[in-house]
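Line by line, the protein sequences are chains B and D.
Position one of the first sequence corresponds to residue 2 (the working numbering), numbered consecutively onward.
Position one of the second sequence corresponds to residue 4 (the working numbering), numbered consecutively onward.
In short, the hints are calculated from the structure, not lab data.
All of these numbers come straight from a predicted model, not from anything done at the bench.
It is possible that part of the hints are untrue.
As the list claims (entries may be wrong) - What the simulated footprint calls covered on chain B by chain D, stretch by stretch (three residues with Cβ under 8 Å from a Cβ of chain D suffice, anywhere in the stretch; the number is not a length):
id: 1; region: 25–38
id: 2; region: 41–47
id: 3; region: 71–77
Backbone N, C-alpha and C fix where the C-beta goes; we use that ideal spot for every residue, glycine too.
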Amino acid sequence: MVVLLVSGAAAGHGQSAPPPRVIHIVAERFLFTPSEITVEEGSVVELRITSEDTDHGFRLRGLGDVNLTVPKRGRGDVRVTIEANEPGNYVFECSHVCGAGHGFMRGALRVKARRSSGGTR
Amino acid sequence: MFGPIEGLVWLWLNLLSPQPAPQPAAAEQAGAPSSAPQTGPVSGYMDFHYNQPTDGTPGILDFHRFVLLFSHSFSDRLRFVSELELEHGVVEGLEEGGELELEQAYVDFLVRPSLNFRAGMMLVPVGIINERHEPPVFHGVERPFVDTVIVPTTWFDVGAGIHGSFGRGFRYRAYAMAPLDAREFSAEEGLRGGAQHGSEAQVRNVAFTGRLEYVGARGLQTGVSFWRGDTGFNLPRIDTKAGLFELDARFSRGRLETRGQFARVFIDGAGALNDAMGRLTGIDPNIAEQLIGSYVEVAYRVLPASVPHEAAVFVRYENFDTQFKMPDGSVKLPQFDRDAWVVGATYWVDPDVAIKLDYSHVRSGSAIVPPPRSINVGLGWWF
Chain B
2 MVVLLVSGAA AGHGQSAPPP RVIHIVAERF LFTPSEITVE EGSVVELRIT
52 SEDTDHGFRL RGLGDVNLTV PKRGRGDVRV TIEANEPGNY VFECSHVCGA
102 GHGFMRGALR VKARRSSGGT R
Chain D
4 MFGPIEGLVW LWLNLLSPQP APQPAAAEQA GAPSSAPQTG PVSGYMDFHY
54 NQPTDGTPGI LDFHRFVLLF SHSFSDRLRF VSELELEHGV VEGLEEGGEL
104 ELEQAYVDFL VRPSLNFRAG MMLVPVGIIN ERHEPPVFHG VERPFVDTVI
154 VPTTWFDVGA GIHGSFGRGF RYRAYAMAPL DAREFSAEEG LRGGAQHGSE
204 AQVRNVAFTG RLEYVGARGL QTGVSFWRGD TGFNLPRIDT KAGLFELDAR
254 FSRGRLETRG QFARVFIDGA GALNDAMGRL TGIDPNIAEQ LIGSYVEVAY
304 RVLPASVPHE AAVFVRYENF DTQFKMPDGS VKLPQFDRDA WVVGATYWVD
354 PDVAIKLDYS HVRSGSAIVP PPRSINVGLG WWF
């Protein structure tokens, strides 16, 4: 299962936890850049999403109730931290109607299965 | 009493000054219900503008577009989107005036990122502006000429098709749609009058349209699109087809924004179409076999970061000819071979509210028919 955390709560994992990998996402009519993100199973990533124009939404499907508002251009970002514990492809999309092409504004977060180290190498 | 200076200062302080921008940490959210978008069930955009011709003819103040978008999710995979537009403020029966248009009303069946189905009233996926036309996102009071007389925006009709992403930044749409009606083509505006707009559209043969985009590099979006379909279904024994090929790109980095577009229209059987229309109406419409248009635009955001608002200056050069290649026996008219310089500025009071000012200078090959030139002021917004 993939666990979603508020960015500031990541420190709760203890001092040994490595800092999350930060991925910057830019939202604009009608795309996310990057629109495809690949992370390794077990990794912790922080998504920082900014807008180049209007308010957008960022909804990550299949990962619980994740539905964030991306503030307008120049008004900061929105952040979410993810523990990618379960391999799979997860769709994210704009959840705030942002114009005529709003329906195309989608992307995918791929959690890639970690190669089995198995302690034998 | 306020004087004009005090009034402007009051306006700046009370209306135009933005709310303090939240710091990044303050904007952190975690999907709690309270973080849901602060918006109502309806979105939309509007623009109105004043066009003052420079030849001394009276100016025109026009509430050009009032557009409302409604949407509904039946489920995560089944969605409805619509866009209803009132143009020019009023619609009156039997009189030339505004238009009430259902520009979009479709249902999306979301299967997987690479394959989704869409059916209903849809935007034709051609060019930059047709699917991305909210006033704050393009420079200029009016849309580019190329996106008016070569690509007939806003171009919409009924149909069905597929869309999705191939991965690595490639996206596509491919639709079958109601074809264009050749009886409504014109020498000056090409295909523009031909869309049936889903109004009891005749579909003896459907048209096909598609677009392939690359959006995988930050700041760069490119696309190629086409349209192809029969057009002579209302003219007995006339076999005409219309095709359109289009290329476009947008690039932005830092304060710089550029975009360019090229489009070429092919009308097979234009000679037979002109003959048939001449017999039918007594007037030869002088439709061309080929139309061509392109433009390049450069914009630069000029205000320093310390200023709470944003502004950009821009220049756009357009070259467009709605009689690029004529059928045998038809005469090319020089007034339809045009180019234009548009220079101006966009000032965003808010990222969703744009005040626009520009000067549009159209030239043509005709020494008799004067091309339009105007100073334009507009206000457009999205909510």
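Unmet hints by their number, sorted upward, for this structure: 2
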